[in-house]
Amino acid sequence: MARALADDETLDEVSDAPRVRVVITAVADADLEAAMAVVGRQVYEPAPDVVVVVVGEDLDLDAGVATAETLEEAIGSTDSSFDYVWLLHADARPRPDALGALISEIERNEASLAGSKLLKAGTMDELESVGGATDVFGEPYSGLDEGEIDLQQYDVVREVAFVQSASMLVRRDLAQGLRGLDPLLPPVAAGLDFSQRTRLAGGKVISVPSSEVYHQARCGQRGKGWREQAGRLRAMLIAYRPLTLLWVVPYDLLVSVFDSVASLLLLRWQPLVRHLLSWIWNLIHLYSTLRQRRRLRSIRSEGDEELFRFQAKGSIRLRTIGEEVSGRVLSMFDDDQALARRSRRLWGSPGIWGAVVAAVIALVSARAIVFTGMANSGLSFPFEPATVALERWFAGWNEAGLGSSAPVHPSVGLTGLLSLIWFGAADAARALLTIGTALVGIIGVGRLGGRLGLSGPGRYLAGLVVIAGPGTAVLVGRGSWLALAAAAFLPWAVRATFVHPHEFGRSRLTYVGWALLTALVVASFSPLLALVPLLVVLVWRLFGGDRGGVLLGLISVVGGLSGAAFLAADPRWVFDGSRAVYAPVDQLWPILILVGAVPLFLAEGRIRTVGLTGGVIALTMLALARGLALGPGLQEAVLITGSLGAALVVAAALDSFSRDPVRLVAAVGAAAIMVVSLGTVGNGRLGLPDGDLNERLAFSVTLADDHGPGRILYASVDRDSIPGEARSGPGFWYRLLDGQGTTQDEVWLPERQEGDERLETVLAEIGSGAELRPGAALAPFAIDWVVLEGPTFVLDEALRAQLDLVPTPLDPDSRVYENGEAAPLAGNDEVTWTRSGTGFSGDRTDGDVSIAFNHGEGWEPDGTRADWSGSVDGSPGRAWYSPQSIDYVPPGATLALLVGAIGMIVWGRRRP
Amino acid sequence: MKYLGVVVMLVAAVAATFLPAPDPADPGAVPATEAPPVAICPILQAGERSTSVSVLSSVNGEGRLSTFAAGSETGALDFRTGRLGAVTIAAADVGAVGNAGGLVEMPSETTAAAVVVAGPNSRAAESCADIPEGQIFISGGSTAGGELFAIQLINPYAGEAIVNLTVTTDTGLESNDQFNAVVVPPLSTITRDMNEIIPGRETISANIETTRGSVLAYGRLTSDGEVAVWRAVAPGDNWWLPVPEGAGTKQMVIATPENSEIEYQVDLFGPDGYVEGHDTGVIAPRGRVVVPLAAVTEGAAGVRVITTGPVVPALRIDSPHGLAWTTASPVDATVWLLPGAGAPPEGSGSVVVLNTGIETVTVSIRALGESGPVRELEVDAEGVLVADLVAADGYRVEASGPVVALWTSEFGASRSAAIGIPLQDG
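So the sequences go chain by chain: A and B. The working numbering numbers the first residue of the first sequence as 1 and each following residue consecutively. The working numbering numbers the first residue of the second sequence as 913 and each following residue consecutively.
No incorrect hints appear here.
Label-pair ranges, simulated between beta-carbon atoms: (1) B:D938 with A:G682: 29 to 37 Å; (2) A:T808 with B:D938: 25 to 33 Å; (3) B:D938 with A:P661: 43 to 51 Å; (4) B:A988 with A:F371: 52 to 60 Å.
By construction, these hints were calculated from the structure, which means they are not laboratory data. Ideal Cβ placement from N, Cα and C applies to all residues, glycine included.
Work out the full structure: start from the sequences and follow the hints.
Next up, the structure:
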């Protein structure tokens, strides 16, 4: 209808053009007359009427220039003959065609508010603003680089979240309805506030780059400073509905804290002060803010979604910090800033802040490990020296309890390998691996979520649930370090069975290699978890998901070979419920998972599929764990899988924000799962229990006689007091510990053998009180010490009246008895041999040397049975265990698979 | 399919919430306690006094006597009770010196042991016993009138023991650091010489509470060179006591560790037959009463003590033949072992059997040793039988009904008395 005056048009032809009133806001130190002059040079007819807003200043204006005390007064006094109001700062210098362009585009686009392109005055067309987006907190995001020159690269009219108040054209009726700019706000925040209110009133906000205005920026600090920040917070408080404010305000508070802390670390104190002042200012002006909200309510016609449409995901402030940190780090190696530029893209990814927040939480949750090292308790003990661990894993002697030729837990090989990689520093490798598991789990779930089609930050936050969720927390809380590691690597194994659409067509060898490799690793930590990728794929497909490869799931099952020998040697480890730790899952978990998962079935697309898959898996696993007395292996796998399911539910529910009430319920459930999960890792050890049993029992080394440290009989009526697996005795639990310190390979005890049966008989006799000399009875088992833990029980009573176990007050938390008659682990009347690798060595002797282990056929040289134990020829001065050829097959096959998997990955990547 | 997923989730959630959780694994039943058959003995091997340990058993089995002092075993001797089921071992043969402890590992539950401490002018006998649960109590000591009283605390086991002694005398409750938290090291004996700690007390009783480990206590009273040894026992409210015949002073001391008044009743099985309520009264808190038995009869008699609270009655015999102490028995039984019982060379001995039943019983008294004469005698209902003893390692008394047996021996100016050891299961 209306348009600007073109060169070839006459005044008559444009007599029906819209009438504009220009409202110039006085700005301190700005030349008002110059501003009025450039307005007067505008090529637009009818010539606009000008009114100057004198905000409390006594200006020397020509007669005939209308003035107003406030912007609201100026707008309110604009009669209905005017169609538009051009709000202009006195420090703005529009080009002559600026107004015409604004009128033209606002009419053409049927917009309500249009902003000019702002160029910095006194520069070579350096861009200040072309409108922009914000994040949910109102933090402006112009998309402009510092010092970016206007090359007309942004010259396209587009809808934006806000335009700056330095030059904005607004419909007169709307301006009067909105009562102009908020006088309490500085320029950028005022523009943001006005733009948001315009949009909520049903108006369209556009940026008109063809309307160029040079801005001297005397009105403010280009959006910086605490007043702008306070203004943005006020704009947010005015615009959003209560439900949105319910989560935005706490979120903003968190971001403020993070921004302040991170800035302090970067040696900047100003953000902290800005945040403090901002919140204080808003508290002071809270009444005024509430009044503005009431005003807006009367003209509001749109929901907050209208604002969300033009907002960037996540926090721009946090993204900036991330860019700065990574930029600083990368600049050390990156002279041309190529990496730094790429990192900016990374920080722009919607999931990255979920990953960062989750990683920070994980690191905070591991703080005690960082500062004091790993605890040795429950089911978590130091790694053996790398070479010994690898020797033991490769069909070596299993030293747990009274020893066995049965394979050690498959994790021993992996931990040995890691120790070897870490230059043999087993303790450092253990601590790093433990801390690393948290990060591996977080990234794993994030990447799995990505494969399943999720993109939001929730998928990374959900990583915390897999390491601290319903099942894992119970196991880790009882000291299962293996459960923590298995839970962390499981998402990677599951991910390997899903193929990303971008990767279709790539070599299948790569997929197979990854599926094998990840399953081998996971099965090393928890053998039965090798079945889970296939399970997830099947459930996923059941609910209509694609990308999941059943074949890859089956290949993952093959990866379970790394734990197969261990399972075959001790099948009761899978099914015997009496061997499992008592780990009932809190009844709160199923309810939370249900709240998080069920609403997702009303969602669309992948969120629904992921939610249903996770919910079904989590709840089914928790039901199995509760209803059945599972063996340790099955219990471990079921509980960890339950956590993975819960993590998928959280990832889906928190993938993106939605005002849909159903999705909100799911988000609340997911948030509750997160909160409860975080509670379990709050001890600073990722949920692992505190304490150092090896340190408590170090007396067995320091007080060892010539025989060296033998074994410790550790007994209690409290199952949880026993480190690692416990055997049931008559009325109490017990197990044998290595006197020189328990290691991770000894956590699980092999199947009972003759020596174990004999020991049980002896303990029954001692427990009955009938044995007056229990030390002598325990001596053949090389038991140097008896440690009774927890409440007093039958053994305490039995050992009250006996002759040869000397009570020794070495540990205030338990009752310790020394056995002065114990036989050495290896030796005879003449010599005592000490450990050497997985065997023993010492002085040569003509006679046989007894080995206080269950008899194994492979002991050399010339191993013979001596009752339940064995002996070897002492003449060479050493004893070693030589497995049968067939015993090499499982570890050999595992190695072959490992090498094959790596080979397939490498080979597959080379092929297009 | 999504509805199936919801159904599965709901069902699983209900199961995971409401199914009963599996019970925690049970380590199995606590085994029945079978304390090894042991007896702890006081050994006095000093000056001219020597100790012999007699072991009687109903089986021909192997056992072991070990002596210990100052934290270590001073000697050990394996023995066999033999066909006759009796053996006597001189403590000197096991390396005991001074105040020591002895541990008898007995071949069966039906075995008993006792010590006989003998000197030129003294003789004492007391049964050895396992350490009872809870508190034990001893009364009858005195540190006045030239009497010497000591309490010997014996810890035969590998663990340190700590005991608290609550000592009550005629002056009231004694307060002394040497009675509190007395540490008895493993394989050691600790002697508390009361004449050093609380001299001049007419009557002494001590309640011994073990707070850690295991301790057995014996009292040793020396008067004019004669010695008496008797054991601290767990207090009870029903006691039997056969009283030997003979001139002199025979008195029963009933004492209580309780800090409250206790009513008592003494029934007498005397020359006039059974006299119910021969003596009744009230024992003051932590007090004692003395029942003069010699005033009733010089002949043998029997006593039953019934109280409303825990007490320990003990018999003191002062006669020209010497001093003797022994405690009453809380039970009656059909079989009694009297280890050490017998007539010393050039001395005499007797057994006193009290029929606690209301029917006449036949009593078989068998000497266990190289010669083993057996006598079959009848004891009237609620009557008392006295039979002479010959030299032996000990005696076994079997009756057709419940009885209580006590033996005494005399040699010159020395005398001993010791209650027998009942075998509940024969």
